[in-house]
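Asks: Chains as they are written, first to last, in numbering that gives the first Met the number 0: chain A, 0 to 351; chain B, 0 to 351; chain C, 0 to 351.
Treat the hints as calculated values from the structure; they're not laboratory data.
All values derive from a computational prediction rather than experimental measurement.
Hints should not be assumed to be uniformly reliable.
No copy labels: a pair is met if it fits in one copy or bridges any two.
[To be verified] Calculated lysine to aspartate or glutamate pairs in the EDC-like style (CA-CA distance at most 20 angstroms, straight line):
| # | residue 1 | residue 2 |
| --- | --- | --- |
| 1 | Lys237 | Glu199 |
| 2 | Lys237 | Asp213 |
| 3 | Lys157 | Asp20 |
| 4 | Lys329 | Glu210 |
| 5 | Lys302 | Asp342 |
| 6 | Lys329 | Glu207 |
| 7 | Lys302 | Asp205 |
| 8 | Lys157 | Glu19 |
| 9 | Lys157 | Asp332 |
For reference, the chains in residue letters:
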Amino acid sequence: MKAPQFHVVPIKTTAGRFFEDYSIGQVIDHAVPRTVSGGERALYHALYPARHALYSSDEFARSCGLPQSPLDDLAAFHIVFGKTVPDVSLNAIANLGYAQGRWLRPVYAGDTIRSSSEVIGLKQNSNGQSGVVYVRTRGLNQRGEVVLDYVRWVMVRKNNTDAPAPETVVPQLAPVLTPDQLVVPEGLDLTNYDFTLSGEPHRWSDYEIGETIDHVDGVTIEEAEHMIATRLWQNTAKVHFDATNRADGRRLIYGGHVISMARALSFNGLANAQMIVGLNAGAHANPCFSGDTIRAWSEVLDKAETSAPGVGAIRLRLVATNAAGAFRLKSDDGKYQPHVLLDLDYWALMPM
Amino acid sequence: MKAPQFHVVPIKTTAGRFFEDYSIGQVIDHAVPRTVSGGERALYHALYPARHALYSSDEFARSCGLPQSPLDDLAAFHIVFGKTVPDVSLNAIANLGYAQGRWLRPVYAGDTIRSSSEVIGLKQNSNGQSGVVYVRTRGLNQRGEVVLDYVRWVMVRKNNTDAPAPETVVPQLAPVLTPDQLVVPEGLDLTNYDFTLSGEPHRWSDYEIGETIDHVDGVTIEEAEHMIATRLWQNTAKVHFDATNRADGRRLIYGGHVISMARALSFNGLANAQMIVGLNAGAHANPCFSGDTIRAWSEVLDKAETSAPGVGAIRLRLVATNAAGAFRLKSDDGKYQPHVLLDLDYWALMPM
Amino acid sequence: MKAPQFHVVPIKTTAGRFFEDYSIGQVIDHAVPRTVSGGERALYHALYPARHALYSSDEFARSCGLPQSPLDDLAAFHIVFGKTVPDVSLNAIANLGYAQGRWLRPVYAGDTIRSSSEVIGLKQNSNGQSGVVYVRTRGLNQRGEVVLDYVRWVMVRKNNTDAPAPETVVPQLAPVLTPDQLVVPEGLDLTNYDFTLSGEPHRWSDYEIGETIDHVDGVTIEEAEHMIATRLWQNTAKVHFDATNRADGRRLIYGGHVISMARALSFNGLANAQMIVGLNAGAHANPCFSGDTIRAWSEVLDKAETSAPGVGAIRLRLVATNAAGAFRLKSDDGKYQPHVLLDLDYWALMPM
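Looking at chain A on its own, in the form it has when it is part of the complex (with noise of 0.2 angstroms):
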């Protein structure tokens, strides 16, 4: 047999979206969807050391107001954010932000997740290469409801240098949701709270605003772990699964991937900021590779009541590192300490 041409034929794989090919109000439907079940949900507890009542205990859910337990919020978040990768961030050479990101709906063992952004803000840069690309990404279940909502902001590179430059769009985007924005699930009813089953004594009253937790526990990490949850996320970008993509020959793991462990880890000290609800801001400070240990600090930086009853809000920065006690968040110049991986600015639900 000989060796086989490669005929001349319309490329049939894509390269993906450049700067370029957004225009402002561009709504993109983004491919395969995914149902879950009890495989994805013991997965995410074999790959962190998730520990949330509410997330592991189907009866635990229960006692809460809940049908039943429903997928750990970051899940659903990184099944939405995954989605989105071919279409937004594979010619991205940087993921520059989140915000105003809402969790309107929890997910459950046999939901359907689909992923729909639509593009709402871009501004090319002064060196004409690259622009920065503004998204508001919805993920919606099986019947269209919306089950996750965030923005989010990447720098992704040009293709043709010669394309004229967009009008310049850039979204107001509060730094940080208010505590009406939040929305608690329906049905959520905290007062019956088992604090002996949710791990911890301490609940929403117990914490105070400027109040630091070194949750103690390290994680290292192995490259298989990290793929492996990389791709239950059907999440494409080359750089975490291919050794050769690099010139140092190491695998840059996914940012989400350090947001779920550290949010594991912050169990202790946090069992029962259960829910994830707001997600304000986030940063990857510093890229993580195989082999790092990760630990994880906190710090509580609002609290806010809500009408659901039993149900408390609790801001949080949630931050990774790959050193032991590495409390320091930035330097002097603003710049984040180089054992700072992650910044992480979200709401979550406690039992007042």
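Chains B and C: place on chain A using the hints.
Replies: This is chains B and C only, laid out in the frame that chain A set:
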């Protein structure tokens, strides 16, 4: 306590069958039936970058006329195959080939799969030390329906080299399934196929015979992953698990792991080649080891219409390599190039 | 932004209980109940070469009188055990032993498991620095039925060495469960047992007391696998996850991972020792690390009839080693040989 004395009792473990243990017409019902669930489906997506929408979303599968999303066809193959290992290939010197493989019914969560093989060919090698065994293996579900049917032949050692050579029987195996032999799953209807959700716009009519597709992406393989996958299929071949088994201390990766990885990578360019219905031939050209970065390319070998609404069949060569840009299959002497791991010839179903 | 100031607020994380924190009769309800699904079952089969048919096939389980295939008995054990770690063994110096372990009810997909322990013994060490704590742990399902019950004792550090020594109470623990203490699952009937589907022809009457079985196969262990497994059981002991925790930079593998690996390997020779119903004793003789190749051998210690149709009980010693041919258990001085990782004494049920 003293060290236990090893009694002389009939040995309970089995050394597996040798060439002289097979006879034409012999039927071997393989052990350990397996019930699959959402767990196997989630693990398949965690181990491979599998994104074909029909296998990811129950809603998408229903829009194609199926009751729900089936287990990936290759997962079904691995489960059926895995059961045959203790009876067919424990003393195999080489896995020589596959032919006439047909997927006859999708496997769904809740199904219980078992395997049965019939010996259909025997040919002792001229050296008298080994021989080739041909088996036709069937995978069956809990209703006794055949879900998969394929022929495989392996070279197996003789244990007793004095055992007489059996009469030589070599089955006539057509190198390719004809389109009329392919079974389209009952109810499959791709007339309302959603090309946005599936991830690519290319339909059956967009592919040309002779066309080749470089699937672009690469995945570097880890020991933990291939062992997790191979165990999931209850494949017990020592060489995949025991680093002390080979002189070089390396674990040989199950060929099926390479098949699934390459097929999943082929999404990029063949996102709409949804269902695998025929396996014409397959060769594991070179061994694969942990650390290899798998890439894949495909060649369109043939096309055919089917009687099902909107459903076309496409015959594809799927080649996996462990090097970038390795598009040459064989050397001038007809041998596979050293970077070729897999050469698979299969039929898939696509929207017309 | 400035580095956060770590406020002086009551510490939210817990350092775990110390020896002086336990008292006789104290009942500890452990946190984080867990609902299991097909996901946990699939992962168990992916992590261990588990092939016992009763745990693999719903159809096979039904043919044995059970409603469906249960979660592996050792997975049930790991889930129950994992919950006790934060309360019992976070400050443990050594896991000293198990006794009187009984599986009382199978765990099925959909069940929610929690754990509760009662302190039944205390004995301060003569050095005044530590003591031995004996607990009886029960695993319960969502109906409050006990699914598993066992005694474990650990050596725990004192935090306050001035705390007075408690009155010494050492429970009387029979070294072996008597056959009448074993609980056969309701409905179990092995009179129509299918020895072809189970994988081996050997029935209860084929095994002789004193007989030993080399299970032949080996599995080389990876970091990712034991961490995935240990996290799945929500076991939080740092030493399994944090490579910076020990001076040698190695992660100690959870002893239960070795138990499950050895038990799965014992399929080869004990395929019909289906259900584990009693744990008489267990010692983790030497630590296990990534890269070890686990092998196993068994010794038949006893046999007994049961009142259930076709069901016999067999008492087995299961030994895991990290070397081939390591069939000697202890040295002349009574110490375990360096290659012995596990010495487990259990009762299983077999077809008669």
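Asks: Each hint: holds or not?
Replies: Hint check results:
no., hint, verdict
1, Lys237 <-> Glu199, "between (40 angstroms within a copy, 18 angstroms between copies)"
2, Lys237 <-> Asp213, "between (34 angstroms within a copy, 15 angstroms between copies)"
3, Lys157 <-> Asp20, "within (9 angstroms within a copy, 64 angstroms between copies)"
4, Lys329 <-> Glu210, "within (18 angstroms within a copy, 54 angstroms between copies)"
5, Lys302 <-> Asp342, "within (19 angstroms within a copy, 52 angstroms between copies)"
6, Lys329 <-> Glu207, "neither (22 angstroms within a copy, 57 angstroms between copies)"
7, Lys302 <-> Asp205, "within (11 angstroms within a copy, 57 angstroms between copies)"
8, Lys157 <-> Glu19, "within (6 angstroms within a copy, 66 angstroms between copies)"
9, Lys157 <-> Asp332, "neither (31 angstroms within a copy, 45 angstroms between copies)"
The structure fails hints 6, 9 (numbered hints given earlier, in ascending order).
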